[in-house]
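Colleague: Single-letter residue listing:
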Amino acid sequence: MALIKHGKLADNIWHDTDEFAELQALAPLGPVIVDLDIWRQHRDEILAQIARIGGRIGLRLTPGQTPDLVAADLDHFELIELQFAKFTDGRAYSQARLLRGRHGFKSELRASGDILRDQLTFMLRCGFDSFLVATDHQAEAILEAVEEFAHWYQPALDQGATIPALRRRIHGAAGASTADCAAAWAY
Amino acid sequence: MYRYDEFDHAFVAERVEQFRGQVARRIAGELTEDAFKPLRLMNGLYLQLHAYMLRVAIPYGTLSARQMRKLAYIARTHDRGYGHFTTRQNIQFNWPKLDDVPTILDELADVEMHAIQTSGNCIRNTTADPLAGVAADEIDDPRVYAEIIRQWSTLHPEFSFLPRKFKIAVTGSPNDRAVTRGHDIGLRMHRDLQGRPGFEVMVGGGQGRTPIMAKTIRNFLPVDHLLSYLEAVLRVYNQLGRRDNIYKARIKILVQSEGAEKFAELVEAEWLQIRDNAVDLPMEERDRIAAYFAPPRYDDLPDVCPALDLAIAADRRFAAWVESNVVAHKQPGYAIATISLKPHGGIPGDASADQMDAVATLSEKFGFGELRVSYKQNLILPDVAKADLLALWRALDGLDLGTANAGRISDIIACPGLDYCNLANARSIPIAQRISERFTDLQRERDIGDISLNISGCINACAHHHVANIGILGVNKNGTEFYQVTLGGVATEDAAVGAIIGPAFDEWQIADAVEDIVDVYLHQRQTDETFIETYQRIGPQPFKETLYGTDQARQAG
Ligand code: SF4
Chain A
1 MALIKHGKLA
11 DNIWHDTDEF
21 AELQALAPLG
31 PVIVDLDIWR
41 QHRDEILAQI
51 ARIGGRIGLR
61 LTPGQTPDLV
71 AADLDHFELI
81 ELQFAKFTDG
91 RAYSQARLLR
101 GRHGFKSELR
111 ASGDILRDQL
121 TFMLRCGFDS
131 FLVATDHQAE
141 AILEAVEEFA
151 HWYQPALDQG
161 ATIPALRRRI
171 HGAAGASTAD
181 CAAAWAY
Chain B
188 MYRYDEFDHA
198 FVAERVEQFR
208 GQVARRIAGE
218 LTEDAFKPLR
228 LMNGLYLQLH
238 AYMLRVAIPY
248 GTLSARQMRK
258 LAYIARTHDR
268 GYGHFTTRQN
278 IQFNWPKLDD
288 VPTILDELAD
298 VEMHAIQTSG
308 NCIRNTTADP
318 LAGVAADEID
328 DPRVYAEIIR
338 QWSTLHPEFS
348 FLPRKFKIAV
358 TGSPNDRAVT
368 RGHDIGLRMH
378 RDLQGRPGFE
388 VMVGGGQGRT
398 PIMAKTIRNF
408 LPVDHLLSYL
418 EAVLRVYNQL
428 GRRDNIYKAR
438 IKILVQSEGA
448 EKFAELVEAE
458 WLQIRDNAVD
468 LPMEERDRIA
478 AYFAPPRYDD
488 LPDVCPALDL
498 AIAADRRFAA
508 WVESNVVAHK
518 QPGYAIATIS
528 LKPHGGIPGD
538 ASADQMDAVA
548 TLSEKFGFGE
558 LRVSYKQNLI
568 LPDVAKADLL
578 ALWRALDGLD
588 LGTANAGRIS
598 DIIACPGLDY
608 CNLANARSIP
618 IAQRISERFT
628 DLQRERDIGD
638 ISLNISGCIN
648 ACAHHHVANI
658 GILGVNKNGT
668 EFYQVTLGGV
678 ATEDAAVGAI
688 IGPAFDEWQI
698 ADAVEDIVDV
708 YLHQRQTDET
718 FIETYQRIGP
728 QPFKETLYGT
738 DQARQAG
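Chains A and B supply the protein sequences, listed in that same order. Residues in the first sequence are numbered from 1 upward in steps of one, following the working numbering. Residues in the second sequence are numbered from 188 upward in steps of one, following the working numbering.
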């Protein structure tokens, strides 16, 4: 596995578990990623453990789990991982936009699974900032793709100006600035 | 029409460069066909039975003369000298070589065209009324909104991997020439009591193996909220649409399983959260786009044109062409002319490179250098002075493009079928040719009048046979091609799905069956009734009896 974070290869410090028992064995807790079932069953214990001995917790959502389910808990997570079971399954794009835009999630948003080189820009624009892929080779290919596009029509979560915003800037019409545009996406 | 500015140009250029890299990696063997497939599909490149096929978007069916010449050039240089216009206002090239494709895309970018999102599970080329901006019955010009949708939906970061392909159609007229109810989203323009324009939003239409007409989920959406509302529909669909079964993945299945009312509630709830954010274009950007669609400089002409009346009286072939192929223009003294791509015995929707060049020149001579491509796979000259119609028709006649059959029985919509398509069960093109050859008699075609006949080579229904008055579907039974007939489909504002009339016909019987169906209509019709009106009045039984005999009709019924 190889991790890309903030546009560079990085070490993956996060431990993955789907067993609560295993989770308890880690002291201090984490950094560890749990799934929604574990979080729901053991939320209070996990939070108590963190309060007692410290720790860092991340959450993994499957494509069918809407972020609304954990909207109130988002402050507890230092990372949320969304999965692309197949590259054609685009539900995580909506999950990402909702997490970032609607629910204001600020920490690491990680994509894992079947990630193609040519999807990376879409993912960045939906608010992902880290990517877990199968091999180093894949990671390098993916990094190249980031440079390919500079122009987009829709406002999104990367900080780039959209084509309509650039038009307004060039043609001098009174309109939203780039920053307005990126900020306005946060609903 | 819309012109790219520096940003649109830069955007498409980046895309072509990206694809050039992908093709190079494929040819060098760094990419397997499996890995290359999703990439080429994002650029409209399909692998068909015999070769690659490139589908180029003609946004909302509008073309300039310059663009048409470029299509002719591509057909001549990179294909076998022709192109095929589709029901979705696209053009397909059937024989490009893989390593030529980036160059073709470069050529297209030169004239502000591309093949982005003409395939894949994304928002496809937005279609519109081919008579947009010129039709006498129009409320407002739908091209402005189709262009706004085109820009918004292009490489949308969230909606490029939907459960299934997604098609949007827009009309600004009460008479629907864009089959809006047959689309995933259909938008039909209305005005509210204050006279402000807005859209009726219809969702969940589609053809394929489960033909369904879209349901209205909102009666009136003010135009300023168009994009946020579309975003709400797409977000609900992206999250809840089925992904486990490709035949159940279209939004129509979701709307059906949730119920239109519940689906509308989900959309409204999502929309409430986003309706005031940045996605809707500010007024000045909408005005900027609208300015491109300002009417051309028409001459002040009297609406009555005695020269035209004389010509009509003098030449019965010309008179027949005017009757079927010319419709009213909103500007006095002008008319809208359909150029039929359906010569009797020809391949529906095909145009040769020479024809494309010639038509481009005609659009400059008899108009403002603009052309339209229609859902019916014909071309349209939108701005012809009435006094020029005779000269235009003579020129077209000399190019084998003057057939007087728009809206007639030989104006057949046919998909490529087994001659090209790797999903096909049966051939469509030879069947269309055989049927149209039965109706070469001008007087007989006029007598039969308005009717639609569509032929699809498999249940994917690319030729929209479900919404044709006479629909023909190719099926394969133990290795033999058969043709199933549906009657009663309607593609206009009262869209309806046709019903199967009985057992299928083989390839030698099908043209006879069509003639029998037409004869039943001619015998049964009352004054001025069209085919569909007669069918709706008398029902399928008389047709069954004629086609299958009384005994079998009882069984089939
Ligand atoms: S209807 Fe079937 S045969 Fe015809 S073009 Fe579509 S997929 Fe191919």
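These aren't lab readings, by the way, just hints derived from the structure by calculation. A virtual CB, placed ideally from N, CA and C, is assigned to each residue, including glycine. Hints should not be assumed to be uniformly reliable.
[Claimed, not checked] For lysine-lysine, the following DSBU-like pairs were computed, each having C-alpha atoms within a straight-line distance of at most 30 Å:
#1 B:Lys224 to A:Lys8
#2 B:Lys224 to A:Lys5
#3 A:Lys86 to B:Lys435
#4 A:Lys86 to B:Lys224
[Claimed, not checked] Covered by chain A, per the in silico footprint, the following chain B stretches (three or more residues, Cβ under 8 Å):
#5 340-349
#6 468-481
[Unchecked claim] A few chain A residues that don't get close to chain B, going by computed Cβ distances all over 10 Å:
#7 Leu9
#8 His15
#9 Asp18
#10 His42
#11 Gly55
#12 Met123
#13 Asp129
#14 Asp136
Colleague: All hints are to be evaluated individually against the structure, with a verdict given for each.
Modeller: Right, here's what the structure says about each hint:
A hinted pair counts as satisfied when its Cα atoms are at most 30 Å apart, and lysine 224 of chain B with lysine 8 of chain A qualifies at roughly 28 Å. Restraint check for lysine 224 of chain B and lysine 5 of chain A: the C-alpha separation of about 28 Å stays at or below 30 Å, so the hint holds. With a CA separation close to 18 Å, the supplied pair lysine 86 of chain A and lysine 435 of chain B stays within the 30 Å bound. Between lysine 86 of chain A and lysine 224 of chain B the alpha-carbon distance is near 14 Å, which keeps this suggested pair within the 30 Å criterion.
With 9 residues having a Cβ less than 8 Å from any Cβ of chain A, the stretch 340-349 of chain B passes the three-residue criterion, so the hint holds. Beta-carbon proximity to chain A at under 8 Å applies to 5 residues in the stretch 468-481 of chain B; the threshold of 3 is reached and the given coverage holds. Against the 10 Å criterion, leucine 9 of chain A stays outside the reach of chain B, whose nearest CB is about 20 Å from its own CB. Residue placement check: histidine 15 of chain A keeps its beta carbon more than 10 Å from all beta carbons of chain B (closest about 29 Å).
Every C-beta of chain B lies more than 10 Å from that of aspartate 18 of chain A, the closest at about 23 Å, which supports listing it as non-interface. The Cβ of histidine 42 of chain A sits about 27 Å from the closest Cβ of chain B, beyond the 10 Å cut-off, so the non-interface label holds. Listed as a non-interface residue, glycine 55 of chain A keeps its Cβ farther than 10 Å from every Cβ of chain B; the least gap is roughly 32 Å. For methionine 123 of chain A, the condition that its CB be more than 10 Å from all CB atoms of chain B is violated, with the nearest at approximately 8 Å.
The beta carbon of aspartate 129 of chain A sits about 14 Å from the closest Cβ of chain B, which is more than 10 Å, so the claim that it is off the interface holds. Every C-beta of chain B lies more than 10 Å from that of aspartate 136 of chain A, the closest at about 16 Å, which supports listing it as non-interface.
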